[in-house]
Structure formats: C-alpha cells, structure tokens
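Participant: Could you build all of it, start to finish, from the sequences and the hints given here?
In case you want the letters, here they are:
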Amino acid sequence: MIRWVVWFLVSSGAAVACETAGQRMSSEIQNAPKVHVALDEIRLSQPFSILLTVCDDVAVSEVRVDAIMPAHQHGLNYAPKITALGDRVFRADNMLFHMPGLWELRVDTNFGRRSISYTSDVVLK
Amino acid sequence: MKVLVTAAFVVLAGAVRSEVLLSDDEIQQTLSFGPWPISLQSDPSNRVSSDTRAIALGAALFNDPVLSADSAFSCARCHDPEQAFTTSDARAFGRVLVDRNTPSLRNLAGLRWYGWGGKSDSLWAASLHPIIEEQEMAHSKESLKAAISESIYIDDFEAIFGDIQIQDPELVLVNTAKTLSAYLETLATGRTQFDDFRDALENQDLAAAANYPEAAQRGLQLFIGRGNCVFCHNGPRFSNNEFHDAGVPYFLSETEVDDGRFGGLNFLLSNAYTLDGNWSDDAEKQGAWVVRSVRRSHSDFGTFRTPSLRGVAETAPYMHDGSLIDLDAVIRHYSEIDTERLHADGEAILSELSLSEQEIADLTAFLESLSKVP
Chain A
0 MIRWVVWFLV SSGAAVACET AGQRMSSEIQ NAPKVHVALD EIRLSQPFSI
50 LLTVCDDVAV SEVRVDAIMP AHQHGLNYAP KITALGDRVF RADNMLFHMP
100 GLWELRVDTN FGRRSISYTS DVVLK
Chain B
0 MKVLVTAAFV VLAGAVRSEV LLSDDEIQQT LSFGPWPISL QSDPSNRVSS
50 DTRAIALGAA LFNDPVLSAD SAFSCARCHD PEQAFTTSDA RAFGRVLVDR
100 NTPSLRNLAG LRWYGWGGKS DSLWAASLHP IIEEQEMAHS KESLKAAISE
150 SIYIDDFEAI FGDIQIQDPE LVLVNTAKTL SAYLETLATG RTQFDDFRDA
200 LENQDLAAAA NYPEAAQRGL QLFIGRGNCV FCHNGPRFSN NEFHDAGVPY
250 FLSETEVDDG RFGGLNFLLS NAYTLDGNWS DDAEKQGAWV VRSVRRSHSD
300 FGTFRTPSLR GVAETAPYMH DGSLIDLDAV IRHYSEIDTE RLHADGEAIL
350 SELSLSEQEI ADLTAFLESL SKVP
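Line by line, the protein sequences are chains A and B.
The opening residue of the first sequence carries number 0 in numbering that gives the first Met the number 0; numbering runs sequentially from there.
The opening residue of the second sequence carries number 0 in numbering that gives the first Met the number 0; numbering runs sequentially from there.
Calculated from the structure, these hints are not laboratory results.
Everything numeric in this text was worked out from a predicted model, so none of it was measured.
Ideal placement from N, C-alpha and C gives every residue a C-beta, glycine not left out.
To list a few chain A residues with every Cβ distance to chain B over 10 Å, as calculated: (1) 25; (2) 27; (3) 28; (4) 29; (5) 39; (6) 84; (7) 109; (8) 111; (9) 113; (10) 114.
Heads up, simulated SDA-like pairs for lysine to any residue below, C-alpha to C-alpha not over 25 Å straight-line: (11) A/33 / A/120; (12) A/124 / B/30; (13) A/80 / B/295; (14) A/124 / B/21; (15) B/371 / B/26; (16) B/284 / A/48; (17) A/124 / B/38; (18) B/284 / A/45; (19) A/124 / B/34; (20) B/140 / B/70; (21) B/371 / B/82; (22) A/33 / A/81; (23) A/124 / B/33; (24) A/124 / B/348; (25) A/33 / A/80; (26) A/80 / A/38; (27) A/80 / B/290; (28) A/124 / B/27; (29) B/284 / A/50; (30) A/80 / B/285; (31) A/80 / B/286; (32) A/80 / B/271; (33) A/33 / A/121; (34) A/124 / B/20; (35) A/124 / B/350.
Cβ-Cβ distance ranges computed for the label pairs, FRET-style: (36) B/90 / A/61: 45 to 51 Å; (37) A/122 / B/281: 30 to 36 Å; (38) B/224 / A/107: 34 to 40 Å; (39) B/26 / A/107: 36 to 42 Å; (40) B/334 / A/103: 29 to 35 Å.
Facilitator: And the structure:
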C-alpha cells in the first residue's frame, strides 16, 4: 500500500543541538530558544502525533500547536492535545491534515511572559 | 492523411510504448486511490459488529416496516437495495419531503463521520437516529420495544441480547441500531475497471493498465491535476470524509438555509449516542477523540461531507439536495462554479475550470469507471 509521503522543506539555520529531536522550527525572533519538531509518517486524513523539544535551557510555561494551509486558509478541524513529557519535551496528539498540499505548522511557546511563534512547512503529497 | 499517419505511428510504437498516459507522479497519486477493497476491522464500539446473527437480524429489520411507528415503511423505502441503497428522488420522501438527498449506504464501515452534516460519529448512531426521527421511522423508544417484542424477530433478538423484558427501552433502541449497523458494515461496492488499472500500475504491468480507456485516463489526469478534485476526493474512497462547501446553494427557501455541518455538530454535541458516551461498547473509547476535539467554526455553516465517489454512477441525482441530475451536470457545475457564491471563508480551491466539452466527457468517463460495469 502506498502512503502519502511527507517531508520538510529545508528551513534556514542548521540545527546545532538536539539533532535527534527532529527538524528545527523557524522563528522570526532573533536568538529565540531553539524548538525542534519530530514527526512520523503523516497519512492524509489520519490522526498523527508530533514531538516538540525546546533545546535551550529555559523554562517553558505553555505550548500551543496549530496548523493552516496558507494557500487556502484551511485550518485544523480538530484541536491538538498537548502533553508535557518533562525535560522540555511536549507531545501533540490528534493532529489531522485533511487535505494534501503545503501545511504550515505553528507552535506558540510561552517562556515565562515571553511568547514566541515558530513555524515549519510540511508538504503532504 | 493525418489520420493515416497517426495510425501508422501507433502501430509502430505499439511494441515499445504503451498507452498509459500518466506521468510517474500521476501514477504515484493514482496508487493512493487503492487498494480496493480495503480491509476493515470490527467496530469496537459495537459489540455485535461482525456477528453473523446480528448481521442477519439487521438485514431483516432494515427491510421490514416494523421499524416505523405505524408500520408504514422500512428503511429500504429510501435506501432501496435494488437501487444502490438510495432512490432516484432528488430529496428523500417518507412521511414528508425531507430537505436532503438520500445517500447510498455502501462503504460506510469505519468512517469518522456520518450524514451530510456529520451529525453522527458511528455507524450505529447513524442507524439509530432514523428510527426515532419524526420525519423518518418516527418510533419512540417505548413503541420500538413493543414492536420488536411482538414481532417475528423477538427470538433472534433475544438470542443475541437476552430477555427483552428486562431491557430498558433505550437499550432496546441501541441494540436494534447495532444490528442494523452490523448489517450496513457489510455493504460495499465491488472492484471496478479503475481498480484493475490502479493495480496494474502498482504491478508495473503496463500492458494490462493500457486496457483502461484513454478518455478515463485523461479524466483521471484532470481529477488529480487542473480540476483539483483530489484535494477533497482522496484516498481509496475518494473522500477525505470532512466538510466543504462545493458551491451548491444551501437556501431552502427565501428565509431558511440548510446549515450543513454547523447543525450537524450542534446535534452531535448535544446527544448521548457518541463514541464518548456510555452507549459505546469500547472500554478504551478509541474513536472518542474525534467528538472531544472537533473544532467548531463559523465556516462550518453550509458545508457538507465530501461524498465518496465509489459507485457514484449508480446514485444519481447528486449533492446534498439532489439538485444535479447526472454526472455531466455535476462536472458542469464545477466547471462553471460561481466563486462569488461560495460563502463563509470560501473554498479557495474551487475555481471556474471552464472545461472543454472533451474534458467534461473525459471526467465523466473517469467517474463512471469508479462503478462496476453493469
């Protein structure tokens, strides 16, 4: 059975630490703490999970996950469920991409009172 | 002269070149529409799923007017087994004219949502609501329990579920719906010309793949290419089973609209028969994350569940209101779609395709190849 293949569009900034924790997410804020995202194979219209790792030694108070398709503004039909696994690692469950194409994964992370947004592009073919 | 030259070319090229028109990329996409049939597990939320006695009882009840309060008609009145489990009426007619078209009941096992507006998250709930729906079978729990008790099916029912007299009427209702669901799970469309093509491509048997008409191949290319159909109609069922606005007017009258998914979610979230509720037989509540985490949004208004396209040639007329009489009309609808009329956030995927007559015929040939050859 053929599966929908997924890959990241290579984003700028090579990962320095945390290589095993997946792809580094990009942020427009300079010197933002590094956030990495790891995901398994994503199948169209099937739930999947992602693993988020904050790679710098900072206190994380909250993580929110969302995604949209920039081309036509479709968002997630289901709210991701976030679980803190400890050691600045978070899992988001109940993610579901219901259309093929480019999805922009968006992670908003609160470091104390400072909130920083991160994005990664995911292409679901 | 031109014709002669072309013909000669085909003969010469025949040995080396097949008539598969698809590029490698298109072949990869085509593989994602199969394999067919899909293998399905029993429904963990229905303890009589796959139970042969329940399937037989469900089939009998489905076709028997005992399930309507006044014995007026059976489920088959609208879901006629002789007509691909629907009828040729634009809108369903039972006691009254219903607002919506009757969907075919094939290939329903294992879906995330049921109904045009997705008001049910399980097949047994989708089988339960029509029993008590006033416009359909119009039973109450109590009248249903009395009707089953007095029917010829009482022995079969008790053989599966035990003494009916000690069952609460609501339990009788749920049990009855679960037998219907066990039966409906077994209804599936068979393999088609498209599936032979798809499997031949997977096996890299280009000679066999070339049996698939070129018109259908060109239609498939449009379907996954310029037509953008695959955005919503994808996977082995040709549906993402989510909710979209395909540009079908949703006004019922000057003052009333069919709110589609919006109303479906309201209904779902306010009734007890969900995978998160006590009537699910699954201790692990596997599918319950769906109703727990589904998001509501103003753009749900007037969106409808993407229908599967398997067997679609057998189920005219089309769309949630049955307003398009045949596949040609559906394709012309997409070809001429009035994007101004797309409401809410709109479906930025849909745009006026302005297909040529040839392209319309090709897309129709493709859609027809998703049905069994008669």
